[in-house]
Amino acid sequence: MICFAGITPHTPLLIPGVGKENLKKLTATTTAMIELSKDLYASRPDVIVVISGHAIQHKEAFSLNLHDEYFIDFKDFGDLATSRALQADLELATDVQRHMQTHEVPLTLDSNASLDYGTGVPLFFFTEKLPHVRILPLSYSGLSSKEHVRYGTELRDVFEHSYKRIAIVASGDLSHCLSSDAPLGFRPEAEVYDQKIQDAVKDLSTAKLLTIPEDLIEKSSACIQEQLLILFGMFEKKRGRVELLSYEHPFGVGYLVAQIHV
Numbered sequence: 001m002i003c004f005a006g007i008t009p010h011t012p013l014l015i016p017g018v019g020k021e022n023l024k025k026l027t028a029t030t031t032a033m034i035e036l037s038k039d040l041y042a043s044r045p046d047v048i049v050v051i052s053g054h055a056i057q058h059k060e061a062f063s064l065n066l067h068d069e070y071f072i073d074f075k076d077f078g079d080l081a082t083s084r085a086l087q088a089d090l091e092l093a094t095d096v097q098r099h100m101q102t103h104e105v106p107l108t109l110d111s112n113a114s115l116d117y118g119t120g121v122p123l124f125f126f127t128e129k130l131p132h133v134r135i136l137p138l139s140y141s142g143l144s145s146k147e148h149v150r151y152g153t154e155l156r157d158v159f160e161h162s163y164k165r166i167a168i169v170a171s172g173d174l175s176h177c178l179s180s181d182a183p184l185g186f187r188p189e190a191e192v193y194d195q196k197i198q199d200a201v202k203d204l205s206t207a208k209l210l211t212i213p214e215d216l217i218e219k220s221s222a223c224i225q226e227q228l229l230i231l232f233g234m235f236e237k238k239r240g241r242v243e244l245l246s247y248e249h250p251f252g253v254g255y256l257v258a259q260i261h262v
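Quick note: the sequence shown uses UniProt numbering, first residue 1, plus one each step.
FYI, nobody ran anything at the bench for these hints, they're computed from the structure. You may find that some hints are simply not true.
Here are the simulated DSS-like cross-link-like pairs (lysine-lysine), alpha carbons at most 30 Å apart as the crow flies [claimed, not checked]:
1. K202 - K237
2. K146 - K202
3. K24 - K75
4. K196 - K25
5. K129 - K20
6. K59 - K196
7. K219 - K202
8. K208 - K219
9. K38 - K238
10. K75 - K25
11. K164 - K129
12. K208 - K146
13. K219 - K59
14. K237 - K146
15. K129 - K38
16. K59 - K208
17. K75 - K38
Okay, the calculated beta carbon distance ranges per label pair [what the hints assert, rightly or not]:
18. I56 - H103: 19 to 27 Å
19. L210 - Q97: 26 to 34 Å
20. H103 - K59: 14 to 22 Å
21. E21 - H161: 46 to 54 Å
22. H261 - K75: 33 to 41 Å
23. R239 - S145: 21 to 29 Å
24. M1 - K24: 38 to 46 Å
25. G142 - H103: 14 to 22 Å
26. K237 - A81: 44 to 52 Å
27. L184 - R98: 39 to 47 Å
28. N112 - S145: 22 to 30 Å
29. H103 - D181: 44 to 52 Å
30. K38 - Q87: 17 to 25 Å
31. H58 - E218: 17 to 25 Å
Computed from a predicted structure; not experimentally measured. Quick reminder that beta carbons are idealized off the backbone N, C-alpha and C, glycines included.
All chains should be built: construct the whole structure from the sequences, respecting the hints.
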């Protein structure tokens with residue numbers, strides 16, 4: 001069963017050994033992540049499923065990273081001290097693979113012990129007090145938006161029929177062009193996109209996500225769209241109350257933290 005669902009940013013600046021003095025500018029996001037971590041812990045998950053925007057992606061298939069053990073670290077960002085070993089859920093991964101094969105949803109298995117930072121950043125927060133929780137890392141694909149929603153509904157069928165308590169996390173950042181010092185400079189479309197995403201999340205509306213123009217998505221340079229389509233697919237015809245915990249963009253990149261109470 002799905003016991004928890006959340007949306008998180010994945011900027012490595014949230015890791016103390018990376019962000020350092022920049023953490024002072026991320027107070028709202030850090031506070032929200034800690035609050036979200038407490039609620040996830042209280043939900044007593046057996047498995048944390050992370051849908052990342054920086055994991056391996058395939059044009060014609062969704063991806064599941066299957067390895068007996070995973071590792072997260074932030075050496076690429078100058079933090080040589082922070083690392084963690086995590087265990088895979090091979091049983092749930094097998095259930096997902098079989099279900100997708102039966103329902104003709106294209107799914108590719110990859111195997112990488114080292115998790116991308118899009119997966120690692122939320123897990124840094126969420127596994128601190130859950131050292132024995134199992135992990136299932138997923139990625140999106142180059143398929144259509146509607147195929148991403150369908151993938152989410154098929155995942156929901158697997159998770160809802162599982163005896164395990166499953167927490168779902170959609171990890172990604174919003175627009176990367178919200179100010180002149182943003183990685184890609186300022187683009188006026190960025191603010192429009194971020195507002196549309198917040199409106200869609202607040203209403204848990206797949207329709208609002210699907211009607212965001214493609215050129216607006218492209219010009220905003222966000223990395224959250226597909227993860228949300230998959231997550232929202234899991235809540236098609238299913239009740240969920242959304243709580244927006246924080247939104248800020250101190251470095252020109254939109255960081256949203258939200259929880260779907262299930």
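Evaluation of the provided hints:
Proposed proximity of K202 and K237 is supported: the alpha carbons are some 16 Å apart, at most 30 Å. At roughly 20 Å between alpha-carbon atoms, K146 and K202 fall within 30 Å of each other, so this suggested pair holds. As the CA atoms of K24 and K75 are separated by approximately 22 Å, the hinted pair is consistent with the 30 Å bound. Between K196 and K25, the direct Cα distance comes to roughly 24 Å. Compliance with the 30 Å bound is thereby established for this hinted pair.
At most 30 Å may separate the alpha-carbon atoms for a hinted pair to count; K129 and K20 meet this at roughly 22 Å. Simply put, K59 and K196 have alpha-carbon atoms about 26 Å apart, close enough for the 30 Å limit, and the pair holds. Restraint check for K219 and K202: satisfied, since their Cα atoms lie roughly 23 Å apart, inside the 30 Å limit. About 18 Å separates the Cα atoms of K208 and K219, which keeps this hinted pair within 30 Å; it holds.
A threshold of 30 Å between alpha carbons decides the hint, and for K38 with K238 the separation of about 24 Å falls inside it, so the pair holds. Restraint check: the Cα-Cα separation between K75 and K25 comes to about 22 Å, which is no more than 30 Å; the hinted pair holds. As the CA atoms of K164 and K129 are separated by approximately 18 Å, the hinted pair is consistent with the 30 Å bound. About 13 Å separates the Cα atoms of K208 and K146, which keeps this hinted pair within 30 Å; it holds.
For a cut-off of 30 Å, the pair hint linking K219 to K59 stands: about 21 Å separates their Cα positions. Proximity of K237 to K146 is assessed by CA-CA distance (about 15 Å); at most 30 Å being required, the pair is judged to hold. Among the hinted pairs, K129 with K38 is consistent with the structure: their alpha-carbon atoms are about 9 Å apart, no more than 30 Å. Taken as a hint, the K59 and K208 pair is honoured in the structure, with Cα atoms around 24 Å apart against an allowance of 30 Å.
Between the alpha carbons of K75 and K38 the distance comes to roughly 27 Å, so the proposed pair stays at or under 30 Å and holds. I56 and H103 have their C-beta atoms about 22 Å apart, which keeps the hinted 19 to 27 Å range intact. For the hinted restraint 26 to 34 Å between L210 and Q97, the CB-CB distance of approximately 27 Å keeps it satisfied. At roughly 20 Å, the beta carbons of H103 and K59 sit within the given window of 14 to 22 Å.
Look at E21 against H161: about 47 Å separates their beta carbons, and that is inside 46 to 54 Å. A beta carbon spacing of about 36 Å between H261 and K75 agrees with the range 33 to 41 Å that was offered as a hint. One distance hint, 21 to 29 Å for the beta-carbon pair R239 and S145, holds here, with the actual separation near 23 Å. Restraint check, M1 to K24: a C-beta distance of roughly 39 Å satisfies the suggested window 38 to 46 Å.
Against the hinted window of 14 to 22 Å, the Cβ-Cβ separation of G142 and H103 comes to about 19 Å, which satisfies the hint. Checked against the hint of 44 to 52 Å, the pair K237 and A81 passes, with Cβ atoms roughly 46 Å apart. Between L184 and R98 the CB atoms are about 41 Å apart, so this pair conforms to the stated range of 39 to 47 Å. Under the hint 22 to 30 Å, the C-beta atoms of N112 and S145, about 26 Å apart, fit the expected range.
The given range of 44 to 52 Å is respected by H103 and D181, whose C-beta atoms sit roughly 46 Å from each other. A C-beta distance of roughly 22 Å is found between K38 and Q87, which places it inside the suggested range of 17 to 25 Å. For the pair H58 and E218, the supplied restraint of 17 to 25 Å holds, since their beta-carbon distance comes to about 20 Å.
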